[in-house]
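Protein chains: 2
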Amino acid sequence: MDATPLDRSLLLDFYGELLTEKQREVCELHWNEDLSLAEIAEQVGLSRQGVWDCLRRAEAALRGFEAKTGLIRRFLERRAEIAAIRGELAELLPEGTQSRDILARLEGLM
Amino acid sequence: MDATPLDRSLLLDFYGELLTEKQREVCELHWNEDLSLAEIAEQVGLSRQGVWDCLRRAEAALRGFEAKTGLIRRFLERRAEIAAIRGELAELLPEGTQSRDILARLEGLM
Numbered sequence: 001m002d003a004t005p006l007d008r009s010l011l012l013d014f015y016g017e018l019l020t021e022k023q024r025e026v027c028e029l030h031w032n033e034d035l036s037l038a039e040i041a042e043q044v045g046l047s048r049q050g051v052w053d054c055l056r057r058a059e060a061a062l063r064g065f066e067a068k069t070g071l072i073r074r075f076l077e078r079r080a081e082i083a084a085i086r087g088e089l090a091e092l093l094p095e096g097t098q099s100r101d102i103l104a105r106l107e108g109l110m
Numbered sequence: 001m002d003a004t005p006l007d008r009s010l011l012l013d014f015y016g017e018l019l020t021e022k023q024r025e026v027c028e029l030h031w032n033e034d035l036s037l038a039e040i041a042e043q044v045g046l047s048r049q050g051v052w053d054c055l056r057r058a059e060a061a062l063r064g065f066e067a068k069t070g071l072i073r074r075f076l077e078r079r080a081e082i083a084a085i086r087g088e089l090a091e092l093l094p095e096g097t098q099s100r101d102i103l104a105r106l107e108g109l110m
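Going down the list, the protein sequences come from chains A and B.
Position one of the first sequence corresponds to residue 1 (our numbering), numbered consecutively onward.
Position one of the second sequence corresponds to residue 1 (our numbering), numbered consecutively onward.
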């Protein structure tokens with residue numbers, strides 16, 4: 001598992017609801033709230049090994065959804081294009097409230 | 001099934017790869033290529049009723065993915081925001097090649 005935290009947050013954000021409730025809970029506790037396997041084991045009533053297995057199965061399922069649909073890849077491509085356009089607009093737009101508002105809204109899409 | 005064709009194309013585009021191969025094939029033939037149930041039945045080796053059942057199960061699965069993840073809803077919200085921003089920029093940007101290029105790229109994201 002050599003994924004970055006960002007990777008896993010995106011995976012969970014996009015496909016987390018397709019996991020079982022237990023898998024989603026364990027992933028959120030470990031990846032988003034940074035609890036240890038032992039802490040999660042105590043909290044959800046699994047063995048430490050059970051938590052580990054649950055994490056591995058969940059991550060495999062999440063990566064499987066992305067491998068099939070490519071929805072995160074497509075999202076990131078669109079976001080990069082928005083960032084590039086915003087960069088050009090920052091140079092090109094006239095000073096003023098409306099320009100600042102547009103740049104802020106583009107920022108909100110990044 | 002009162003969905004618009006656009007609905008179903010988006011559902012298939014986003015989640016089609018999560019269906020079985022047979023389900024995906026039947027949906028594409030019916031929704032994208034507009035073949036009749038009888039034509040599809042002959043082509044894929046199912047009864048007409050089998051094609052109908054396959055379509056219903058596939059559509060239910062696709063709607064289930066969207067109900068859980070909301071990824072199409074989120075995509076459409078972002079797209080609407082991009083369209084609104086593009087509309088304002090069309091009024092605001094100075095004439096010129098770069099402006100036209102930016103508006104065209106935003107159009108490509110809509």
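Mixed in with the good hints there might be a few duds.
As the list claims (entries may be wrong) - Straight-line alpha carbon distances no greater than 27 Å define the calculated DSSO-like cross-link-like pairs of lysine-lysine that follow: (1) A/LYS22 x A/LYS68; (2) B/LYS68 x B/LYS22; (3) A/LYS68 x B/LYS22; (4) B/LYS68 x A/LYS68; (5) B/LYS68 x A/LYS22.
As the list claims (entries may be wrong) - Negatives, chain A to chain B, calculated, CB over 12 Å: (6) SER36; (7) GLU42; (8) ASP53.
Stated by the list, open to error - For each label pair, taking beta carbons as the anchor points, the in silico distance ranges come out as: (9) B/ALA83 x A/THR97: 16 to 26 Å; (10) A/ALA61 x B/ALA60: 43 to 53 Å; (11) A/GLU17 x B/ALA83: 42 to 52 Å; (12) A/GLU33 x B/ALA38: 48 to 58 Å.
By construction, these hints were calculated from the structure, which means they are not laboratory data.
Positions of the beta carbon are idealized from the N, C-alpha and C atoms, including for glycine.
Evaluated hints:
no. : hint                          : in the structure
1   : A/LYS22 x A/LYS68             : holds, 23 Å
2   : B/LYS68 x B/LYS22             : holds, 23 Å
3   : A/LYS68 x B/LYS22             : holds, 16 Å
4   : B/LYS68 x A/LYS68             : holds, 17 Å
5   : B/LYS68 x A/LYS22             : holds, 16 Å
6   : SER36                         : holds, 29 Å
7   : GLU42                         : holds, 29 Å
8   : ASP53                         : holds, 23 Å
9   : B/ALA83 x A/THR97: 16 to 26 Å : holds, 21 Å
10  : A/ALA61 x B/ALA60: 43 to 53 Å : violated, 20 Å
11  : A/GLU17 x B/ALA83: 42 to 52 Å : violated, 27 Å
12  : A/GLU33 x B/ALA38: 48 to 58 Å : holds, 55 Å
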